[in-house]
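Peer 1: Listed here are the chains, written in short residue letters.
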Amino acid sequence: MKNPFAIKPEQIADEIYDFNRKLAAGVGTLAELGEVEVGTSPREPVYEEDKLVLYHYRPRRRRRNPVPLLIVYALVNRPYMADLEKGRSLIQGLLEAGQDVYLIDWGYPDAVDSDLSLDDYIIGYLDRCVDVVRRRHEVERINLLGICQGGTFSLCYTALCQDKIRNLITTVTPVDFHTRHDQLSHLARHVDIDQCVDAMGNVPGEMLNWMFLMLKPFRLMGRKYVDLVDILDDPERMRNFVRMEKWIFDSPAQAGRAFREFVADFYQDNKLIKGRIDIGGRTVDLENITVPVLNIYARDDHLVPPDASRALAGCVSSEDYSELEFPGGHIGLYVSARSQRLLPPAIGRWLDERSG
Amino acid sequence: MSRATNPFLDPDWLEIQRSYLQQLAAAGHTGDAHSGTGEPDWYRALQVWWQTVLDQAPADDMRVLLSNIFHQSQSFSTMSGEFSRLIAALSETGDGDWQKIFHQHIKAMKQQFSGDPAAGPGEQWNAMLQAWQQAGTATLPEELFGGLNGEGLCDMAERFLALTATTGPGGEYAAALQEGMRLWQGYRARCGQYFSVFRRLGVDALDRLERRVMELAAKDAQITSLRELYNLWVDCNEQVFAEHAASEEYARLYGDLLADYMAFRRQGRKLVDATLQQLDLPSRESLASVSRNQHELQRQLRQSLAQQEKTQAALESLQAELDELRRSLKQESRTARAAPRRRSVKKKRGGTGRRRDG
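Residue numbers (the numbering used here), protein chains in the order written: chain A, 1 to 356; chain B, 1001 to 1358.
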């Protein structure tokens, strides 16, 4: 066999020199970046309660879907996940597609929120936001779009309060938490969640980030920033990178009680798919869902594997159930250029066809 | 900051680096000049330079980003040192014995990863191991989740004992402190177990790297840069880790690591609460209890408001019904008032008739 190492010793010196030169030049680029803005689409707060704010985004089309759309994202993220920047914004895409968009900002829970339960979030905050949107538009039922854990909340809510929901869209939403390749669930099942919450009160966002990092530690802790050196001299690409970093690491703490319930009931006991989740004294039965459902999952998602999402097909009673596969990962679904081309128009069409 | 004003982009310094590295490469000892600390001199020089840059970073968030970049660059540089020794050895011996030399290098690296005493003190590998562990295990919970750690507990113990020396005996607190220290030691022992798994995986990853390089050679493919080799090594680590992370053994250890840390942390909270109570200050537990009560009251209030809204709606509906009934009644009475006249007319007529009939 021929020696595959086509590297000469003097070339190594050049390579290290070049690497350090880029690194040194990059310090200048970073210093010149200034404040990186996120979530800049025009919006107004229309309802506030505790730390929650419900926003209405300024419509972009004169002819709009008469049924408003409410977006519910995961408690671990910030709302700008759906509105990162111009050209990388699910919300902007949906506005362009003629939807009238609302979004719940859950805020940053602190010590006084540690006793907030899933009941409080799902049939409390979420239900009241739904009512606000219904009243503002004088409609009986609205469209609901859930993102990741927000999708799971949306499913629970629709199963309990279907008379207020016209169409349901779930994106990268875990339904079956015990699928074979679900690494996060595999690890979560061995965590003593009572002890965690008793020790921490609210669970800090850093802990969740650590758990996410530990799913791919070497790529993320050994290579990601080395690769970054290659684009350190490009301010625009660096600005995009910094935005993503901000999004990934801006993780609010999790209200202790809600987190305990979510990990124990959903991740550890997989009660959603077994029809044994209890919210506000009522059992969540996904079979109750008969409204049209569009279930969007990401083919290469390592946080919510496709089969964890696709399990929904066998759970709901909707005759109008469809799936959409996005060729990418969990994060790419919201921020990649491809998703901007594919998703908002597809969601817009699907909603328009069902909201007449 | 323009290139002209960027103090870190000093061509002279970079040129010195290049010249130094080239001299070492020419001597066949790339990166192998060592100081007494066991780290290559050029590596230490880079570390000093990076630290200087980091200290001058423009803003906090940028400092975090720069810190991440530098840490990973350290990992890259350290592995570059190791791989460059391999490249130098290969260039000295020619292509004939490359498999043997490559295998020897992999074997030496594996011995260091596994902590094999036969491999010698291995000081020169410390930096690499450190960098590798950093990549493999991120940081440990006590560094990440902030707040209390073992060293913090010792400080607190001293302060607490100084405080209680004047306020009375603190026997049960001292016992609680000892328990805290015991839990801390348990946690550190678990960290050791966790690291040893990663050491083992490091060895497996080097085996995988050797296999992957052989596969490339079989396909007549080439590795043309240090970065390519580094990336291949990182990929091998990730693959080996993914396979192990799917096992029950790893998940259990991961759970135990968190549980041990949380047990220690919970004990820390108890101690803090006990100290606060001693000072007649509200403890965290009492604040949590107030918070629970407040939430319960809020829930009840919202239920009452919702009930009130329903009652209000029912009342409004009843009111509307009542208004409607009143309107009907009014209409009816108006009709009724009009009716007697008609009836009297009818009566007249009828009376006439009845009388007529009668």
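Calculated directly from the structure, the hints in this document are not laboratory data. For clarity, every value in this text was computed on a predicted model and none was experimentally measured. Some hints could be false.
[Said to hold, decoys possible] Computed list of chain A residues with no C-beta within reach of chain B, every gap over 10 Å:
(1) Asp113
(2) Asp120
(3) Glu140
(4) Gly201
(5) Val226
(6) Lys274
(7) Arg299
[Unchecked claim] Pulled a few chain B residues facing chain A out of the computed Cβ check, cut under 8 Å:
(8) Gly1192
(9) Tyr1194
(10) Arg1266
(11) Ser1291
(12) Gln1308
[As the list claims (entries may be wrong)] Computed cross-link-like contacts, EDC-like style, restricted to lysine to aspartate or glutamate with a CA-CA straight-line distance of at most 20 Å:
(13) B:Lys1270 / A:Asp192
(14) A:Lys224 / A:Asp250
(15) A:Lys216 / B:Asp1204
(16) B:Lys1107 / B:Asp1097
(17) A:Lys2 / B:Glu1228
(18) A:Lys22 / B:Glu1228
(19) A:Lys246 / A:Asp127
(20) A:Lys8 / B:Asp1220
(21) B:Lys1270 / B:Glu1285
(22) A:Lys22 / A:Glu236
(23) A:Lys22 / B:Asp1055
(24) B:Lys1310 / A:Asp127
(25) B:Lys1100 / B:Asp1207
(26) B:Lys1310 / A:Glu236
(27) B:Lys1270 / A:Asp194
Where is the CB? At the ideal position from N, CA and C, for every residue including glycine.
Peer 1: Are the hints correct? Go through all of them and say.
Peer 2: Outcome of the hint check:
no. : hint                  : in the structure
1   : Asp113                : violated, 8 Å
2   : Asp120                : violated, 7 Å
3   : Glu140                : holds, 15 Å
4   : Gly201                : violated, 7 Å
5   : Val226                : violated, 5 Å
6   : Lys274                : holds, 22 Å
7   : Arg299                : holds, 18 Å
8   : Gly1192               : violated, 18 Å
9   : Tyr1194               : violated, 11 Å
10  : Arg1266               : holds, 4 Å
11  : Ser1291               : holds, 5 Å
12  : Gln1308               : violated, 15 Å
13  : B:Lys1270 / A:Asp192  : holds, 19 Å
14  : A:Lys224 / A:Asp250   : holds, 18 Å
15  : A:Lys216 / B:Asp1204  : holds, 17 Å
16  : B:Lys1107 / B:Asp1097 : holds, 15 Å
17  : A:Lys2 / B:Glu1228    : holds, 18 Å
18  : A:Lys22 / B:Glu1228   : holds, 17 Å
19  : A:Lys246 / A:Asp127   : violated, 30 Å
20  : A:Lys8 / B:Asp1220    : holds, 18 Å
21  : B:Lys1270 / B:Glu1285 : holds, 9 Å
22  : A:Lys22 / A:Glu236    : holds, 16 Å
23  : A:Lys22 / B:Asp1055   : holds, 18 Å
24  : B:Lys1310 / A:Asp127  : holds, 16 Å
25  : B:Lys1100 / B:Asp1207 : holds, 14 Å
26  : B:Lys1310 / A:Glu236  : violated, 55 Å
27  : B:Lys1270 / A:Asp194  : holds, 16 Å
Violated hints, in rising order: 1, 2, 4, 5, 8, 9, 12, 19, 26; the structure is consistent with all others.
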